[in-house]
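2 protein chains.
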Amino acid sequence: MNNFEFKNPTKIIFGKDTIEKVNQEIPENAKVLLLYGGGSIKKNGIYEQVKTALADVDVTEFGGIPANPEYATLIKALKVIKDEKITFLLAVGGGSVIDGTKFLSAAAVYDGDTPWDILTENVRTEKGMPFGTVLTLPATGSEMNSGAVITRAETKEKLAMGGPGLFPEFSILDPQVITSIPKRQLANGLTDAFTHVLEQYMTYPIGALLQDRFAESILQTLIEVAPTVLKDPTDYKAASNFMWSCTMALNGLIQKGVPTDWAVHAMGHELTALFGIDHARTLAVIAPSHYKFNFESKKEKLAQYAERVWKITEGSTDDKAYEAIVKTEAFFRELGIDTKLSEYTKDYEGTAEKISERFINRGWTKLGEHKSLTPENVEKIVKMAY
Amino acid sequence: MNNFEFKNPTKIIFGKDTIEKVNQEIPENAKVLLLYGGGSIKKNGIYEQVKTALADVDVTEFGGIPANPEYATLIKALKVIKDEKITFLLAVGGGSVIDGTKFLSAAAVYDGDTPWDILTENVRTEKGMPFGTVLTLPATGSEMNSGAVITRAETKEKLAMGGPGLFPEFSILDPQVITSIPKRQLANGLTDAFTHVLEQYMTYPIGALLQDRFAESILQTLIEVAPTVLKDPTDYKAASNFMWSCTMALNGLIQKGVPTDWAVHAMGHELTALFGIDHARTLAVIAPSHYKFNFESKKEKLAQYAERVWKITEGSTDDKAYEAIVKTEAFFRELGIDTKLSEYTKDYEGTAEKISERFINRGWTKLGEHKSLTPENVEKIVKMAY
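Taken in sequence, the protein lines are chains A and B.
For the first sequence, position 374 matches number 374 in the working numbering, and the numbering has no gaps at all.
For the second sequence, position 369 matches number 755 in the working numbering, and the numbering has no gaps at all.
These aren't lab readings, by the way, just hints derived from the structure by calculation.
There's no promise every hint is true.
Claimed, not checked - From the structure, some residues in chain A lie toward chain B, with a derived Cβ separation under 8 Å:
id : residue
1  : MET1
2  : PHE6
3  : PRO9
4  : LYS16
5  : THR18
6  : GLY207
7  : LEU209
8  : LEU210
9  : ARG213
10 : PHE214
11 : ILE218
12 : VAL225
13 : SER245
14 : GLU376
15 : LYS380
To be verified - For lysine-lysine, the following BS3-like pairs were computed, each having C-alpha atoms within a straight-line distance of at most 30 Å:
id : chain 1 : residue 1 : chain 2 : residue 2
16 : B       : LYS393    : A       : LYS237
17 : B       : LYS678    : A       : LYS320
18 : A       : LYS11     : B       : LYS757
19 : B       : LYS465    : B       : LYS437
20 : B       : LYS428    : B       : LYS462
21 : A       : LYS311    : B       : LYS623
22 : B       : LYS678    : B       : LYS752
23 : A       : LYS237    : B       : LYS752
24 : B       : LYS697    : A       : LYS11
25 : A       : LYS327    : B       : LYS757
26 : A       : LYS79     : A       : LYS43
27 : A       : LYS51     : B       : LYS393
28 : A       : LYS11     : A       : LYS127
29 : A       : LYS127    : B       : LYS393
30 : B       : LYS757    : A       : LYS7
31 : B       : LYS623    : A       : LYS371
32 : A       : LYS371    : B       : LYS397
Where a beta carbon is used, it is the ideal one built from N, C-alpha and C, also for glycine.
If we strip away everything but chain A, and leave its shape as in the complex, we get:
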């Protein structure tokens, strides 16, 4: 097991009818900016629940944060924060709204030349403007971590940011919100959380027995609840386990003391930036090819995953490892998620070269848990995913 440090101060408020508690968590005399996305919260009743709970609070609103939160939109929200002397941010939404809010939390206190630096110069935020979240879409885990990914449309870039000052003060997780989420987005959420676990688990054995089992626990639970979540989102048992699994998949716990990969995300982000494919779907496109390409270095963990998660007990290590990749791809497809780039765009030729070139330009020449994945390898993996 590697040495590690772990601190996650976010307060989770989980369960039925918990949105009404948001009022108790807002600091006294706060000037709140309520941030949300495309307006689905106005149709599903969550907006009303939040507004009712905040009846006595000074609230300004900023809606319209798009999926893959867009820099230009966020800069408009930043102006509202400054103009209205906002002191507390409240994200009501999924990972995109929460990630956008994290960028604003950092940008509101940043005193450099331009907030764009936060993304391009890896500025680590030690203390941002405090914020809380009401989660409306389980998927990214952003509600209990300190990272975010921001998109800039004009340059077709997706860039990561973070820092210990960007944990939400609180996050309210009411699993009942999933009843109004379109099936497509539920499938995305399941795929996203599943792949988050794989990125932190599908590497090589390092004697972190407990972390491995925790990771496998999340994978097994997602597999167990996925059919019910899609078929009947009013099933509270499935909904609540889905929601808590998504949070635990990326709140830092399972990555502590172990090597992590994250190359699937690095490649996947480019497919979103280039083609606008949903984030989760890009992961399902890349992951199977990535694991096939890196089979030799990952096969021990692939075989362990085969045995413990998919209950594949027959065959050699290689057999089990290969079968695990097949099962993973089949799982995504059962969720209704296509796993080949050509199923999303006819315009895929040249994508591998383009992504490889971008990685070279950014100096991303050593990806993966061994820091050995070159842009040349990336090109091959993306081609395998066509």
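With the hints as your guide, set chain B onto chain A.
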């Protein structure tokens, strides 16, 4: 799954040679009281490591905190805190030293008549004097939770306390410390952590699929590493998984959203108070009888535990559930832990009646996850454990 709230702000610094980092975690200009136990840290080198790291810090010392931290001793430490105008506490020890430090953290800021109230009147500490820990004995999980148990020798009582203000600011966990721990205490630590998980898991199914799997993950890991921990404490893989499992067993995570029992601890504490039996050993004495007595209400979870943790796949639910109790008791005995009260004392007659009477006097008439365990039941369970 039940509704829950979860917040655990303790910073964990885990791994080899991490004790030297303690200096970075102490607030500037702090007046530190270093608290420790019977002096084993002076023999195993940990005291030296801490003192070297704190060379530039204003440190006062208070040693001699006994196992089952004693109220009278702690009151002497409280005087030192006041006399020396201490601002930060540093516990270097196992669960007893850390629990004692939590009492002091609460007592240092308590403004009621006597600090004894904190224990008898369930005073919840919202903000205590800040403290950190250097863990020298994996077992209790106290390094990452906000609870403590304090003993008063004159009245032979063990009483619990806690509150959100009693999380350590930081805890340093260097698994190498176990190389100098006597085998007897390692066996206690394994048993203690194992039983902590059982108290939060061995109840009834409530659809908390992920929490169940996390609990099973800790149990499986403890079972896997136990023989190596006892045979070769220098084995870092075993040591690190043992240490992290003990912390995760009682840092709040696995109890969220599920019913919990804790009746084994309630009864076990009395055996320590009455006979001075090591805490962990009292749990191993009580647990098998408790699960046999409450077989009907716990058998579903007992059978799940049998299947998933002990890989017992044959037989009926009752068969598997019963076999799981047998396996559990055998596991404790393999660790060298006696599981019958008569193996610890010849003076056991009347113990069951005495404990039952104490529970009546304290109004503890409804224990366990169903709040249905009466003092009469307690009497029977303790008798079964003779």
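Against the structure, the hints:
Contact between MET1 of chain A and chain B, as hinted, is supported at the beta carbon level, the nearest pair being about 4 Å apart and thus within 8 Å. Look at PHE6 of chain A: its Cβ gets to within about 4 Å of chain B, closer than 8 Å, so that hint holds up. The beta carbon of PRO9 of chain A comes within 4 Å of a beta carbon in chain B, closer than 8 Å, and the hint placing it at the interface holds. Using the Cβ-Cβ criterion of 8 Å, the hint placing LYS16 of chain A at the interface with chain B is satisfied: the shortest such distance is roughly 6 Å.
The interface hint given for THR18 of chain A is met, as the beta carbon of that residue sits about 7 Å from the closest beta carbon of chain B, less than 8 Å. Hint status for GLY207 of chain A relative to chain B: holds, with the closest Cβ pair at about 4 Å, below 8 Å. The interface hint given for LEU209 of chain A holds, since its Cβ lies 5 Å from the closest Cβ of chain B, which is under the 8 Å cut-off. Against a cut-off of 8 Å between C-beta atoms, the interface hint on LEU210 of chain A holds, since the closest Cβ of chain B lies about 5 Å away.
Hint on ARG213 of chain A holds. Least Cβ distance to chain B is approximately 3 Å, under the 8 Å limit. Because the beta carbon of PHE214 of chain A sits about 6 Å from the nearest beta carbon in chain B, less than 8 Å, this interface hint is met. Interface hint status for ILE218 of chain A: upheld, as the beta-carbon distance to the closest one in chain B is roughly 7 Å, under 8 Å. Hint status for VAL225 of chain A: holds, given a least beta-carbon distance of 7 Å to chain B, under 8 Å.
The beta carbon of SER245 of chain A comes within 5 Å of a beta carbon in chain B, closer than 8 Å, and the hint placing it at the interface holds. Nearest Cβ of chain B to the Cβ of GLU376 of chain A: about 35 Å, over the 8 Å cut. The hint is violated. Among the interface hints, the one on LYS380 of chain A is violated; its C-beta lies about 35 Å from the nearest C-beta in chain B, farther than the 8 Å criterion. For the hint linking LYS393 of chain B to LYS237 of chain A, the alpha-carbon distance of about 23 Å falls within 30 Å, and the restraint holds.
Distance check on the hinted pair: LYS678 of chain B and LYS320 of chain A sit about 40 Å apart at the alpha-carbon level, beyond 30 Å; violated. About 28 Å separates the Cα atoms of LYS11 of chain A and LYS757 of chain B, which keeps this hinted pair within 30 Å; it holds. Restraint check for LYS465 of chain B and LYS437 of chain B: the C-alpha separation of about 23 Å stays at or below 30 Å, so the hint holds. A C-alpha spacing of about 21 Å is found between LYS428 of chain B and LYS462 of chain B, which places the hinted pair at or below 30 Å, so the restraint holds.
In summary, the hint linking LYS311 of chain A to LYS623 of chain B is supported, as the alpha carbons are separated by about 25 Å, within the 30 Å threshold. Using a Cα cut-off of 30 Å, the hinted pair LYS678 of chain B and LYS752 of chain B holds, with the two alpha carbons roughly 18 Å apart. Proximity of LYS237 of chain A to LYS752 of chain B is assessed by CA-CA distance (about 28 Å); at most 30 Å being required, the pair is judged to hold. Distance restraint check for LYS697 of chain B and LYS11 of chain A: the Cα-Cα separation of roughly 36 Å exceeds the 30 Å cut-off, and the hinted pair is therefore not satisfied.
Between the alpha carbons of LYS327 of chain A and LYS757 of chain B the distance comes to roughly 44 Å, so the proposed pair goes past 30 Å and is violated. Of the supplied pair hints, the one linking LYS79 of chain A and LYS43 of chain A holds, its CA atoms being roughly 27 Å apart against a limit of 30 Å. A distance of roughly 25 Å separates the Cα atoms of LYS51 of chain A and LYS393 of chain B; the hinted pair therefore holds under the 30 Å criterion. Proximity of LYS11 of chain A to LYS127 of chain A is assessed by CA-CA distance (about 17 Å); at most 30 Å being required, the pair is judged to hold.
Among the hinted pairs, LYS127 of chain A with LYS393 of chain B is consistent with the structure: their alpha-carbon atoms are about 19 Å apart, no more than 30 Å. For the proposed pair LYS757 of chain B and LYS7 of chain A, the alpha carbon gap of about 34 Å is over 30 Å, so the pair is violated. Proximity of LYS623 of chain B to LYS371 of chain A is assessed by CA-CA distance (about 24 Å); at most 30 Å being required, the pair is judged to hold. Using a Cα cut-off of 30 Å, the hinted pair LYS371 of chain A and LYS397 of chain B holds, with the two alpha carbons roughly 28 Å apart.
Of the numbered hints stated above, those contradicted by the structure are hints 14, 15, 17, 24, 25, 30, listed in ascending order.
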